[in-house]
Each structure stands twice: as structure tokens, then as C-alpha cells.
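So the sequences go chain by chain: D and G.
If you use the numbering used here, the first sequence corresponds to residues 1 to 358, in order.
If you use the numbering used here, the second sequence corresponds to residues 1 to 319, in order.
Derived by calculation from the structure, the hints in this document are not laboratory data.
None of these values were measured; they are calculated from a predicted model.
One thing to keep in mind: the hints can contain errors.
Claimed, not checked - Simulated DEER-style distance windows between Cβ atoms:
hint, chain 1, residue 1, chain 2, residue 2, range
1, G, Tyr307, D, Asp202, 30 to 40 Å
2, D, Phe312, G, Arg131, 48 to 58 Å
3, G, Pro174, D, Asp159, 51 to 61 Å
4, D, Pro292, G, Asp211, 16 to 26 Å
Unchecked claim - Pulled a few chain D residues facing chain G out of the computed Cβ check, cut under 7 Å:
hint, residue
5, Ser105
6, Ser117
7, Pro120
8, His169
9, Ser172
Stated by the list, open to error - Computed far set for chain D versus chain G, every beta-carbon distance over 10 Å:
hint, residue
10, Glu96
11, Arg97
12, Glu130
13, His211
14, Asp215
15, Leu216
16, Ala235
17, Gly313
18, Glu347
Glycine included, every Cβ here is placed at the ideal spot set by N, Cα and C.
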Amino acid sequence: MSATPETAPAPSGAGAGPLLAVENLRVGFATEDGRVQAVDGVNFELEPGEVLAIVGESGSGKSVTAQTIIGLTRSPNSHIEGSVRLSGDELTTKSERELQKVRGSKIAMIFQDPMTSLNPVYTVGKQIVEAIRAHDSSIGRSSAREQAVELLGAVGIPDAERRVNDYPHEFSGGMRQRAMIAMGLALEPSVLIADEPTTALDVTIQAQILHLIQDLNRSRGLATILITHDLGVVAEVADRVLVMYGGKVVEQGTLDDIFYDPQHPYTWGLLGSLTRLDQPRPHRLPQISGAPPSLLNLPKGCAFRPRCPHEFGKCKEVPGLDPRLPEDPNHRDRCWLEPEQKRKLREIEGRIGLEEPT
Amino acid sequence: MLRFAVRRLLGAIAVLFAISVLVFLIFNVVPATNPAARIAGKNATPQLIKNVEKEWGFDKSLPEQYWTQMKLIFTGKATSYSLAHINIDKRILEGIPQTASLCIGAAIIWLAFGIFFGYISAIRAGGFIDRFVTVIALIGISMPVFWLASIFLYYLTYKIELFPASGYEPLSNPVEWAKHLILPWVCLAVLFAGFYSRVLRSSMLDVMNEDYVRTARAKGLSQRRVMLRHVLRNSLIPIVTLFGLDFGVLIGGGAIVTESLFQIEGVGYFVAEALNQQDFPSIMAVTIFGAFFIVLFNTIVDIAYAYLDPRIRLGTSAA
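Start from the sequences, fold in the hints, and give me the full structure.
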């Protein structure tokens, strides 16, 4: 707990509001070519013990959303609106110094490439010790080091007592990501933001890291935001899913909603481009035609319109992120098509996909 | 480490050999005039020229000439005829304290200012302070040493007699020593300080985009700690590289202009004299002397690399 006087409810207080609430978050960057609206009105809530996946292509705003939560996108040329509350405590208006107390200690973040995310010139142990002592300088160096050894052991690094003195380049990719996670957990944060934590790893290591995150999520009640473009990763661990496109959330729902009853054509496209192990003949993987839109110059109306084979007149108006299924108010999407039409259009050879209707 | 040292030593010997051969060829073989006559100086008697010819082996074959001359230089028996019959090696050795005092003092100043200004302008990149420092640095880089030295000498020693005009006081009298050296230190340091601050600035801006810097911020470190421990620390390699080269050159007699203008009779001053008189034995000796220091400091730089970046290991591949 920081010394800031707060009337906010205690973090674990049941019914006192979500652990993390992001409201109408907008992040823009001034560039030489004009303003880039990287994140445009994102809302979500996160409860303890929950895994929220944010899915989207490169440039969809998912990483910027995550980094903005802990204030890493703050800079003279960025413009941040909206609200991020951690246990009711507003983060966007905090000073840099106050935010430093939140980073690492209440919200930890791990990044995409463990190869480059650790400083090559310090030992792994030293970097963990640094994180611990940054938040509590009363902890002695040696007891912080003991803690680091314990953490490394807890994330599955064998012979942690010895490996704590290794430099990052002496670790394998998977071990480095484990070390990153250990560093993130050092101060027992309530939220872990994992920004594509498995992208740079090979498949078996990916699974190990995901299970580690899932374990920690369950055993410690660690609320997790998992950012990824890999729906396989999502299927593995997520409870709820946000699909982002062009800086906006285009669909949100539970894992089952997204995988079995996806409402937005973009989600269909993502699902359709997954490899199917249950299909006998090798065939060319479908893809979503076109490229993600430039955030400098988004298409009018629905941002997905130029790439969508099911586009019709109404798509020139911006669709809201609304519940469009009468039976499920928590499953929201931004597509003007009627649910009935959607169910028909997304059916391609017995599975979900995005294709020109014949 | 031992392997590394041995390889480096062998490398250094090879470099020195190559340089000495090159200098030897340029001065003895290329010119059409009699080298012995040039070594003997302007008003030499025919007898002296004969003696020089014998002493420096010009009556023998080229390899023998080379061998004779190297022996003279490396055994400390080489005498300069054009420069008042001084013993060359002794003259260089006498110059070392002066040159070292000048270079070490200047190096401390330029490293301190170069790193300070580079750091300041990197963390304020694009802002007013950055622009201001950039202008100052460019002025420093653009100012010729001889001009700056003349301005200093005219205004600070002649107009207002703030500093002694020139010369060198031994370190046994530290106050006088420093007083005599402040102006030359500053003169020599200005160029390098400006240059180093620019290099450090761009190196730091590169490092700031590294993922591990984002990690450092994400774990809640203070801005200052991120900058000092993660950005600055990882940006020092180009500075160390430059420093090794620059300092080696200066210690090896490269501060010719500064030493000449401030009458510091160090190695650089001797280089100026030797060049002025086209005194081959002296030029040969100072060139080898200078090359030795450049090689030496490059080796020290390589050792420093391994310390700065643990991924670099001194081993078979390092040499």
C-alpha cells in the first residue's frame, strides 16, 4: 500500500468493484504524418483469478492498451484519455513517481521477446534483486537474493541457487521468459500483463510457459491480461476474450462465445486461418485478404469494411460495441449483420471462416 | 586471459614491425637524396656524413640497414644530429611526464564533460537543453586547437595574467603544475568533449529503445535509475572504443599542436621538432613509440569490453 490517502475500497473487497477497470481508454500519438489513434475507446474489467485475452493483428492496439495501463506509453507526443482504475485507484492521473510504485509491485508486465527483455550486462539474479529493492529498500541485498533464488525455483528453473548468478545469455529462451515471470512475481502483484509472452518461443516451451502462467493465475489468484495474436494460446488459458481491430474492440465475450459463436467477421477470419489438425487433406490455409488499416487514416464506418466480404450499405456507419444477441448481454460485437445472417455466413465447409458468399 | 595476453603481445609486435618497415621505407628508400646527408643535418661536414653513413648502415644492403637502424633505436644509442646531438630515446623518456600530465588531465576533463553533456542531452532529447548542448558541442568540435590556444594565451595569460604563459612545472609542486596545465588541458579537451557527448547521446538514444529498458521501467525503477544503470551503462561501449584510440594517440605524441603552443616539452613537442627538421631517426623513434601506445590502449579497450559486456569473452576469438 502506498501512502496516498485513498478512500478506495480494499483490493480484495468482494463486490467493491473490479480489480482493474479500463474505461473508454484512448491513446493517440502525434507523429510527423499526423495523429495516430492507436487505441480508440477500449473498455474492460478484470477480476482476481481471471485470464483476459486481448487478441488482434499487429497494429491493432493491443500492446499499446497494455502498456498504457502502467503508463509506459506516456511521452510528450502521446495523448491519453479515459480511465484506468486499479481497485478503484485512478492510474492515468498519477504522477510518474506515484506510478513507479504501482509498476512491478501491483501490476507486473512481461514482454514478447525474452531474448532482449533482460539487460545483457547484469546477472539474472541482480535484475530480480533490483526489482525487489526498487520497491522496498529495507530488504537487504542478501535476503533479496534469497528471494530471487526462491522465485526462480518457483517458476521452474532447475538449480536456481547456481543459475541466479548467470547472465541472461547463459539462459535459454524459455528460461529467460521464466526469469522474466519470476521478476514480475517478485513483489506479489495482483495483476500480470503478459504481452505476447510465447511468441518468441518454440511450441513445447510455449506450452510450458502458458501452463506456468495458468498455474500462477490459479494458485495466487493473479489476474492476468494475456496479449496475443495466437488463438491457440487463447484457447489454452483464457476465460474471456477481447478481439481488437484498428484500435477498437470489435468483439468481446467468454472463451466459448468467441470460439463457438463468434459474431464479428474479423473473428471468423482469425478462427478460419487456424491450422486444423483434424482435417485429412493438406490444403492452403485461408487468410484474411488485405492488410490491417493505417491508424492514420482509418476507413470511414466499420474499420474492417474494406477487407470484409460481407460488407453492405450500413457498414458506412460506425457500429457500436453492443450486445446483439438477446440471450447474452455480455457478448458484444461491432457488426451490423443480423445474428441469423451471421450464423449462415460464417459457415464454410462445416467450420467457421471468412469467405465471399457464393 | 593468458592466451589473450600472449596473442595480443604477438599482434603488437607484428604491428610495430610493419610500421617500422613502412617508416623506414618512406624515409630511406623513396627520397632521391642521400639519407645520410639528411640525417647529418644542414651544415654537416663530409666527414660527419661519412660517419653517419657508417653508423646507420647506409653502405649495406636494405635489410641490414633496417636491422642496424632498429638496433640503434631500440638500444637507446640513436643520436639526433639535426637536433643538437641529443639522445633520441632519452629525449622521449624525458618527455613522457609532460605528455602524460597533459593527456591524463585532459582526458579526465573531456570524459567528465563529454559523458555529462551526452547524458543530459540524451535524457532531454529534442528539448531546449538538448539543442543548447548540441550547439555547444558543435562549437567545441569545430574550434581549431591552435586558434583556441592562441585566444587563451592572449586573453588569459597576456591581457589578464590569470595563468602562467607557458612551460611545464614538475608534479613535485602540484599547485604550479596544475596552474601551468589548466589551459592546455582545456584546449585539448574541448574537441573531444564535444565529440564524445555527441557519440554518447546517439548511443543512449539507441539503447533507450531496447526492450530491457522497457522492462526496467515496467518493474518500477525510478527514471534516474533506469537511465544510469540500464541506459548509460549499456551505452558506454562506443565511448570506450573512442577513448582507447584517442588516448593512445595523444600519449604516443599526438598532442603536437597543444604541446607546441604551450611550450610543454613532451613527446608531441618533440614530434613537432623532429618533423620540422625532417630528422629521420627521431621521426622513426616517435612513430614506433606512438604505435606502441595505440596498440597498448586498444588491448586495454578489449579487456574493458569484456568487463562492460559479459557476452564478450576474452578467449581464442577475441584476439
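Each hint tested on the structure:
no.	hint	result
1	G:Tyr307 to D:Asp202: 30 to 40 Å	33 Å, holds
2	D:Phe312 to G:Arg131: 48 to 58 Å	54 Å, holds
3	G:Pro174 to D:Asp159: 51 to 61 Å	55 Å, holds
4	D:Pro292 to G:Asp211: 16 to 26 Å	23 Å, holds
5	Ser105	6 Å, holds
6	Ser117	4 Å, holds
7	Pro120	6 Å, holds
8	His169	5 Å, holds
9	Ser172	15 Å, violated
10	Glu96	7 Å, violated
11	Arg97	8 Å, violated
12	Glu130	7 Å, violated
13	His211	23 Å, holds
14	Asp215	22 Å, holds
15	Leu216	17 Å, holds
16	Ala235	27 Å, holds
17	Gly313	44 Å, holds
18	Glu347	42 Å, holds
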